[in-house]
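K.L.:
So the chains spell out like this:
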Amino acid sequence: MNIIVCVKRVPDSETRIKISEDGVSIDPAGVKFVLNPYDEFAIEEALVLKERAGAGTVAVMTLGGEEAKETLRTALAMGADTAVLLKGAPSPDGLGTAEKLADAISGREYDLILFGKQGIDDDNLQVPAMVAELLGLPCATVVVDLQIDGERVRAKREVEGGHEVAEFDLPGVISAQKGLNEPRYASLKGIMMAKKKPLEEVEVGDAAARVEIKELMPPAERAVGEILGEGPAAVPELVRRLREEAKAL
Amino acid sequence: MASFAGVDFFKTDDLLSEEERAVRDTVRAWVDDKLVPVIGEAYTQRRFPKELVPQMAELGMFGANMPEKYGCAELNNVAYGLIMQELERGDSGVRSFASVQSALVMYPILAFGSEEQRTHWLPKLAAGEVIGCFGLTEPDFGSDPGGMITRAVKDGDWWVINGTKMWITNGSTAGVAIIWAQTGELNDSKTISGFIVETERDGFSAKDQQGKLSLLASDTSELSLQDVRVPAENQLPDAMGLKHPLMCLNQARYGIAWGAVGAAMACYDEALSYAKNRVQFQRPIAGYQIQQVRLVEMLTEITKAQLLCLQLGRLKDKGALHHTQVSLAKRNNVNMATEVAREARRLLGANGILAEYQSMRHMANLESVYTYEGTHDIHGLIIGEEITGLSAIT
Ligand SMILES: Cc1cc2nc3c(=O)[nH]c(=O)nc-3n(C[C@H](O)[C@H](O)[C@H](O)COP(=O)(O)OP(=O)(O)OC[C@H]3O[C@@H](n4cnc5c(N)ncnc54)[C@H](O)[C@@H]3O)c2cc1C
Chain U
1 MNIIVCVKRV PDSETRIKIS EDGVSIDPAG VKFVLNPYDE FAIEEALVLK
51 ERAGAGTVAV MTLGGEEAKE TLRTALAMGA DTAVLLKGAP SPDGLGTAEK
101 LADAISGREY DLILFGKQGI DDDNLQVPAM VAELLGLPCA TVVVDLQIDG
151 ERVRAKREVE GGHEVAEFDL PGVISAQKGL NEPRYASLKG IMMAKKKPLE
201 EVEVGDAAAR VEIKELMPPA ERAVGEILGE GPAAVPELVR RLREEAKAL
Chain H
250 MASFAGVDFF KTDDLLSEEE RAVRDTVRAW VDDKLVPVIG EAYTQRRFPK
300 ELVPQMAELG MFGANMPEKY GCAELNNVAY GLIMQELERG DSGVRSFASV
350 QSALVMYPIL AFGSEEQRTH WLPKLAAGEV IGCFGLTEPD FGSDPGGMIT
400 RAVKDGDWWV INGTKMWITN GSTAGVAIIW AQTGELNDSK TISGFIVETE
450 RDGFSAKDQQ GKLSLLASDT SELSLQDVRV PAENQLPDAM GLKHPLMCLN
500 QARYGIAWGA VGAAMACYDE ALSYAKNRVQ FQRPIAGYQI QQVRLVEMLT
550 EITKAQLLCL QLGRLKDKGA LHHTQVSLAK RNNVNMATEV AREARRLLGA
600 NGILAEYQSM RHMANLESVY TYEGTHDIHG LIIGEEITGL SAIT
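Residue numbers (the working numbering), protein chains in the order written: chain U, 1 to 249; chain H, 250 to 643.
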């Protein structure tokens, strides 16, 4: 089973984001970047599928600059076999990014393409379905359970208020939702081995940007919380505040 | 479970390589996910969370700075230190477990063992299949281990060992013990030697140390060896003299210098977030001068200790480290952490005495760390001798 996992370098959800002077991008200074958490589910699933099949490779791919190599090495440390860096600037235009990925994928051998369901930075949820469309492949997004029997893929998806089961034949595209599996930690040996695994670089140029970001705004400041007490003893005061101050009761 | 964002006022992250950061982040995530949620309860139940050992082994935390050919990750010493930092951010007892396994059991086998001993033991210890302990201290010989009265006497192809070892971390859990014993005349520190003793051998027994008020999530035991017979090939061939167990301790102390910073970071982080949330007199207590300065003092000391560790690690990786530098770092950082933990506990008010919060657990733990692996005083005397040329120890 040959699997390509497309991944993205995103700011850690714990970092405090500052908006740059230009008002349309974030200031990367002091921001910690990580492998997109949803992509971890995709990588884990790919590794498990490969282990189960007993053969094949897991390749990770990203569109980005030099700094995205660190993200690829995180995936290699988890156990991916090879990595491909498509050198070029990603764009807020999901289709622009999808075009670059689809172009690069189309010349390669694969049975399955995996994505995280969304990047936690832009929250667009566009790229997996667009890549499937561009490659003319079937696609199931927001998948919480995946069964593959021969060529047949059975994907359980999250839909509003419940689940849906979709089936298609390989090759195809899956985007992973939390709950699909429990991603492994990159082991310390894996981290050391990651440096020695192949990392291919391909110049692809910048992604098309038909969509333009006009303004970025931080969320409204949250008021500081207050600890009213501990355990049952705190309940009367909590109820009083909910009633008198929050008017919630 | 909220993940720990780190304490890095001086951007020391910039001084770490990508791999060093990756190692730190992996262990940090594991500590947040698996250790922090269970440690409060394990501590109050006075139990080492042994169920975590297979996961620690799988990640590669045991003997992480040792060669790949023995099943280890072969990290550099800075990465190894960062592992210890993160583990002790969780709990000193769990860090102690990893220190003993790595620096006090695997290291002597690697450094003073035969190739057969290495290939037999190291992969098993790295995989956590066998747990080890290190028996040097005796009831009457703590800071002065050279006076030990545990003896090993040769009997044909066997050594017969008799004696009692006290305060032994992992003692009751271990499948193998590195036992230090006198093979010659008492008080002759040159004839102290090390033995690999399987704990199931006849005459070997371990008894849990009762009544501890510190390091509760760790197994501390007394070992008794009564005519324990081990084959001659169980002796560590290159360990003759007190210098060798002290070299082991030096490895462990190196990790402790880093570990203490982790415990201090946990306490500072807890105190800072508590201070921002706890409102008294209609304001968060973080808005009052006393608490601000208290937090600043903690952060200042942590920052200094972080820089100390980093240079200590770089020196060790260059092979240019002197043992008195390790003494200085262990002494400074552990003492620093005891004070940070105490101040954090105080800032938390009544909540600060609960196991639900971390600070008092760290505060109590660090009293053990202050004492073991050479007390604070003894390290002072070691450094004192180095700078004055005069020994004040004996
Ligand atoms: C939780 C825990 C785990 C441990 N784990 C292990 C283990 O796994 N293996 C092992 O072998 N040991 C272990 N130890 C033992 C530890 O290393 C000793 O406790 C330590 O070396 C101090 O010895 P002592 O307790 O006998 O104190 P003592 O040596 O009796 O010291 C008592 C006091 O006298 C001071 N003192 C001693 N000598 C001098 C001097 N020359 N000048 C001035 N002051 C002096 C000391 O600083 C201390 O304040 C552990 C201890 C603890 C608490």
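To be clear, the hints were calculated from the coordinates, so they are not data collected in a lab.
All residues carry an ideal CB built from backbone N, CA and C; glycine is no exception.
Some clues are possibly wrong.
Reference listing, derived: stretches of chain H covered by chain U, where coverage requires no fewer than 3 residues with Cβ under 8 Å from a Cβ of chain U [stated by the list, open to error]:
no., stretch
1, 300–313
2, 521–534
3, 566–578
The calculated DSS-like cross-link candidates involving lysine-lysine, where the alpha carbons are at most 30 Å apart (straight line), are [what the hints assert, rightly or not]:
no., chain 1, residue 1, chain 2, residue 2
4, H, Lys373, U, Lys197
5, U, Lys32, U, Lys69
6, H, Lys373, U, Lys32
7, H, Lys283, U, Lys156
Residues on chain U that point at chain H, a partial pick, calculated with CB under 10 Å [unchecked claim]:
no., residue
8, Ser13
9, Ile17
10, Gly30
11, Gly150
12, Arg154
13, Gln177
14, Asn181
15, Arg184
16, Ala186
17, Ile191
18, Lys197
19, Glu201
K.L.:
Given the hinted pair lysine 373 of chain H and lysine 197 of chain U, is their Cα-Cα distance within 30 Å?
P.N.:
Between lysine 373 of chain H and lysine 197 of chain U the Cα gap is close to 27 Å, so the pair holds against 30 Å.
K.L.:
Against chain H, is arginine 154 of chain U within 10 Å by beta-carbon distance?
P.N.:
violated (30 Å)
K.L.:
Under 10 Å, Cβ to Cβ, is where glycine 30 of chain U needs to be relative to chain H, so tell me if that hint holds or is violated.
P.N.:
Since chain H brings a Cβ to about 8 Å from glycine 30 of chain U, closer than 10 Å, the hint holds.
K.L.:
Should the interface hint for isoleucine 17 of chain U be scored as holding, given a Cβ-Cβ cut-off of 10 Å against chain H?
P.N.:
At 13 Å from the nearest chain H Cβ, isoleucine 17 of chain U fails the 10 Å test, so the hint is violated.
K.L.:
Close enough to count: is the Cβ of glycine 150 of chain U nearer than 10 Å to one in chain H?
P.N.:
At 32 Å from the nearest chain H Cβ, glycine 150 of chain U fails the 10 Å test, so the hint is violated.
K.L.:
How about glutamine 177 of chain U: closest beta carbon in chain H under 10 Å, or not?
P.N.:
With a minimum Cβ separation of about 19 Å from chain H (threshold 10 Å), the hint on glutamine 177 of chain U is violated.
K.L.:
What's the verdict on lysine 373 of chain H and lysine 32 of chain U, does the C-alpha distance respect the 30 Å limit or exceed it?
P.N.:
It is violated: about 37 Å lies between the C-alpha atoms, which goes past 30 Å.
K.L.:
Answer holds if the nearest beta-carbon of chain H is closer than 10 Å to that of lysine 197 of chain U; otherwise answer violated.
P.N.:
violated (13 Å)
K.L.:
Would you check whether serine 13 of chain U satisfies its interface hint, that is, whether its CB is within less than 10 Å of any CB in chain H?
P.N.:
holds (9 Å)
K.L.:
Taking only the CA atoms, is the gap from lysine 283 of chain H to lysine 156 of chain U under or equal to 30 Å?
P.N.:
Distance ~28 Å between lysine 283 of chain H and lysine 156 of chain U Cα, so the pair holds.
K.L.:
Taking 8 Å as the Cβ threshold, is the statement that the stretch 300–313 of chain H is covered by chain U upheld or broken by the three-residue rule?
P.N.:
holds (count 5)
K.L.:
Go through the hint on asparagine 181 of chain U and say holds or violated, using the shortest Cβ distance to chain H against 10 Å.
P.N.:
For asparagine 181 of chain U, the interface hint is violated, since the closest Cβ of chain H sits about 15 Å away, which is over 10 Å.
Taken one by one, the earlier hints fail for this structure at numbers 3, 6, 9, 11, 12, 13, 14, 18 and 19, listed in ascending order.
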